[in-house]
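Work out the full structure: start from the sequences and follow the hints.
Those sequence lines, one after another, are chains A and B. Okay, so the first sequence: first residue is 1 according to my numbering, each after it adds one. Okay, so the second sequence: first residue is 1 according to my numbering, each after it adds one.
Note that these hints are calculated values from the structure, not bench results. Keep in mind it's a predicted model, so treat the numbers as computed, not measured. Where is the CB? At the ideal position from N, CA and C, for every residue including glycine. Some hints could be false.
Listed next, with one range per pair, are the computed distances between beta-carbon atoms [what the hints assert, rightly or not]:
id, chain 1, residue 1, chain 2, residue 2, range
1, A, Arg183, B, Ala151, 50 to 56 Å
2, A, Ala368, B, Gln165, 34 to 40 Å
3, A, Ala54, B, Ile112, 36 to 42 Å
4, A, Gly138, B, Val198, 41 to 47 Å
5, B, Leu323, A, Leu396, 46 to 52 Å
6, A, Glu180, B, Thr44, 39 to 45 Å
7, A, Gln274, B, Arg327, 49 to 55 Å
8, A, Gly108, B, Gln165, 45 to 51 Å
A short list of chain B residues far from chain A (calculated; beta carbon distances all over 12 Å) [as the list claims (entries may be wrong)]:
id, residue
9, Val89
10, Leu128
11, Phe159
12, Phe163
13, Gln165
14, Pro231
15, Val232
16, Ala320
17, Leu329
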Amino acid sequence: MSLLQVRGLSKRFGGVLALWRCDLDVQPGEVHALIGPNGAGKTTLVNLVSGLLAPTEGRIVFRGVDITGLPPHERALLGIARTFQVTNLFPQDTVLGNLSLVVQARTGSSFRFWRPVAQETFLEQEARSYARRVDLHGRLEVPVRALSHGEQRQLEVGLALAAEPRLVVLDEPTSGMGQEESRAVVELIQRLRGEVAILLVEHDMDVVFQVADRITVLVDGRVVASGPPEVVREDPEVHRAYLGHALEEARAPRASSRPRAQANASGPALLEVQGLEASYGTSQVLFGVDLRVPSGHVVTLLGRNGMGKTTTVRALAGLLRPKAGRVRFAGGEIQGQPPEVVASLGVALVPEGRQIFPNLTVRENLVAFARGNRAAGSPWTLDRVLELFPRLGARLNQLGSRLSGGEQQMLAIGRALMTNPRLLVLDEATEGLAPLVREEIWRALQRLNAEGLSVLLIDKYVERLTEFAHYHYILERGRVVWEGTSEALREDRELWRRYLSV
Amino acid sequence: MGKVMQEADRAARTGQHEASALVSARRGILRERGLPWGGVGFATVALLVFPVFTQALDWPYYLSLVTRAMILALAASALNLVLGYGGLVSFGHATYYGLGAYTVAVLAREGIRQAWVVWPAAVAVAALAALAIGAVSLRTRGLYFIMITLAFAQMVYYFVVSFKQYGGQDGLRAPRTDFGVSLGDVEVYYLAFGLLVVSLVVLWRIVHARFGRALQAVRDNEVRAATVGFPVYRIQLAAFVLSGALTGLAGALMAHHTQYVSPAMLSWPQSGHFLFMVILGGVGRFFAGVLGAGALVLIEELFHVVTVSWQLYVGLTLLAVVLLAPRGLAGLAEGRKR
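Shown next as structure tokens:
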């Protein structure tokens with residue numbers, strides 16, 4: 001019998017259906033990978049399994065017990081442990097302290113008020129053995145804050161193991177890790193195989209295909225395939241859904257609307273980035289990124305998840321203070337400037353996840369961003385945005401939260417345009433959208449570019465991007481590893497396999 | 001787990017007297033430094049002999065002042081359990097303080113003055129109130145928790161004020177309970193001293209026991225604590241009830257000290273006062289309550305002597321402490337040692 005059985009699980013957030021009637025089976029001792037594009041509902045599913053969210057409908061059965069209504073701590077004591085995508089530890093405590101807390105949680109009641117816990121030496125002894133398993137035995141007394149990002153990720157896994165679980169849920173254990181560190185995680189998973197069942201959420205396909213016994217593919221909140229890696233790899237449904245219609249388009253490329261290939265060196269640069277370095281706390285994410293966006297061009301930033309794309313645009317927009325490097329925009333240096341200054345100079349960011357104002361109407365969302373006429377070109381007005389995205393016109397007085405994902409995306413772009421930008425920066429603007437809506441957004445971008453707007457965008461549908469973008473940069477672990485024109489990118493299939501996991 | 005655990009367990013049972021326990025205690029899994037024995041010893045002795053001087057020099061006012069400081073220190077230390085160790089900003093601790101005090105006064109009005117009935121009753125009433133209020137409030141977080149504890153406190157305040165037979169706005173006389181011997185001011189002083197010491201020992205054991213460690217884990221990372229198996233809600237509720245009970249004890253003591261209770265003891269400024277003391281002392285440091293209460297009573301007294309608008313200067317002093325010593329007085333003391 002399966003260790004974990006998920007049956008008909010759905011989760012609705014307000015008007016958004018994050019998960020729809022999902023089934024999932026994890027057998028004892030197997031490594032089961034859960035993959036899917038961003039926003040497919042992987043983390044939602046993981047949170048439902050560990051009890052941080054309550055499902056809208058469906059059942060979760062673990063070791064024969066229906067745990068659908070149990071709180072997280074009871075599930076933990078039954079044997080479900082997890083790691084978090086974003087490192088989630090006890091920051092004030094040491095490595096040893098973190099691990100021995102977990103040992104304490106599973107070895108008897110915490111409602112003991114008198115005996116000093118320091119006398120229970122077995123807590124610490126056991127904690128040491130787990131530290132050894134995740135290669136942190138040399139760092140026992142180090143406060144978590146002082147650990148490197150990689151070490152914190154190791155401790156994440158350590159905490160899960162210290163719970164002596166039957167099932168470990170690893171939510172993107174290699175996120176933000178270097179290649180060396182990723183390899184260590186793969187080895188750790190190999191060592192654990194058979195000892196404990198693992199549900200692995202992972203974007204790095206190299207890792208997935210190395211370690212998984214079975215793979216379940218989630219797309220738009222639905223399970224589209226589940227089975228051994230060989231089968232899933234060949235599944236046409238998976239190809240179509242997970243890789244977008246990119247592959248189909250590749251077979252019948254449209255000759256129309258292809259931009260004239262131009263060497264990126266030509267033309268004055270509107271945006272020029274040199275040696276950009278940035279980090280989150282102790283973990284450095286960017287190690288010297290160089291890129292330029294010539295006036296009137298569409299430039300893309302490609303690469304797998306966690307490679308530094310979002311960090312790059314955040315640093316450009318002033319949302320993250322870069323550690324080093326220069327950012328020149330329209331002739332002036334803007335690195336380290338606060339976001340409102342960068343925005344007023346003409347850089348408009350359409351952030352990942354849209355981030356529209358949910359409690360304002362469509363009209364209010366747009367008008368709130370309107371900026372008086374500036375020297376540059378014709379100013380954007382409400383009418384002009386509605387002309388670009390007619391769908392928004394019918395929804396003017398609805399609250400932002402009531403819009404569909406696609407409409408929210410259009411609103412986010414329209415809102416950015418209301419600032420009359422000279423450079424539009426889009427972070428995953430087509431993420432989690434239906435193919436038709438994606439197409440609508442790309443067409444809008446093409447039109448904007450034809451009118452002279454410069455665009456820098458992050459997107460996963462590379463094939464489609466090559467039809468209208470002028471130039472591309474591929475990021476890998478915080479560095480630009482390739483740059484070139486659409487033609488060059490189309491032709492180099494090896495590149496796709498290596499850096500874009502297609 | 002199996003083998004590893006058995007081995008570890010055996011090692012734990014046989015090796016309890018070994019140095020390892022001491023080592024780990026010194027290293028401080030709980031991030032708490034060991035007791036500052038020098039300071040604690042000095043304070044204990046000073047407080048023990050203090051009444052000798054006040055009696056000899058006929059300074060009843062200062063006896064009363066220090067009694068008050070010790071009682072407030074008890075209440076603030078109780079609040080520090082939830083505020084400092086639990087990360088829960090309760091803006092309603094005056095409720096438990098006031099209920100403890102009113103229990104003494106109301107029972108006396110009804111003719112019940114036996115100590116062995118009144119004191120447990122005062123603590124029990126406060127604990128029950130904390131259980132009921134905590135059970136609801138702890139389902140909320142952050143600002144909402146602050147507001148809901150405040151709202152409950154206001155409800156209790158108006159509830160008590162509405163009882164005209166128990167004094168309403170005017171408050172109520174609270175004759176001291178009967179211990180078989182009559183309680184004079186010196187006896188009340190030593191009662192407050194003894195209960196403060198006992199309470200601090202209890203609190204010290206609690207925060208260094210499994211429970212205290214779990215409570216701090218929940219404070220530091222609630223989601224992670226839940227997913228490794230800590231029953232977050234029950235842990236927080238237990239801490240809240242313990243804190244409420246000890247605050248109720250402080251209230252009963254204050255009723256004995258002043259022999260009078262008033263609705264002001266239940267009011268929100270009183271709750272704010274307790275918060276001030278803990279923040280002044282250094283949130284989450286073990287002696288925050290003692291240092292904060294002592295310092296506040298001292299500061300108030302000093303300015304009170306010097307100027308009529310003393311409250312202004314107390315406020316300015318607090319402002320200065322918060323800006324210049326963000327870790328409170330306890331933090332200052334530690335900083336100097338380093």
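Hints, one by one, checked against the model:
| no. | hint | in the structure |
| --- | --- | --- |
| 1 | A:Arg183 to B:Ala151: 50 to 56 Å | 55 Å, holds |
| 2 | A:Ala368 to B:Gln165: 34 to 40 Å | 58 Å, violated |
| 3 | A:Ala54 to B:Ile112: 36 to 42 Å | 49 Å, violated |
| 4 | A:Gly138 to B:Val198: 41 to 47 Å | 44 Å, holds |
| 5 | B:Leu323 to A:Leu396: 46 to 52 Å | 48 Å, holds |
| 6 | A:Glu180 to B:Thr44: 39 to 45 Å | 56 Å, violated |
| 7 | A:Gln274 to B:Arg327: 49 to 55 Å | 42 Å, violated |
| 8 | A:Gly108 to B:Gln165: 45 to 51 Å | 50 Å, holds |
| 9 | Val89 | 18 Å, holds |
| 10 | Leu128 | 19 Å, holds |
| 11 | Phe159 | 31 Å, holds |
| 12 | Phe163 | 35 Å, holds |
| 13 | Gln165 | 39 Å, holds |
| 14 | Pro231 | 5 Å, violated |
| 15 | Val232 | 7 Å, violated |
| 16 | Ala320 | 27 Å, holds |
| 17 | Leu329 | 21 Å, holds |
Consistency with the previously given hints fails for numbers 2, 3, 6, 7, 14, 15, ordered from lowest to highest.
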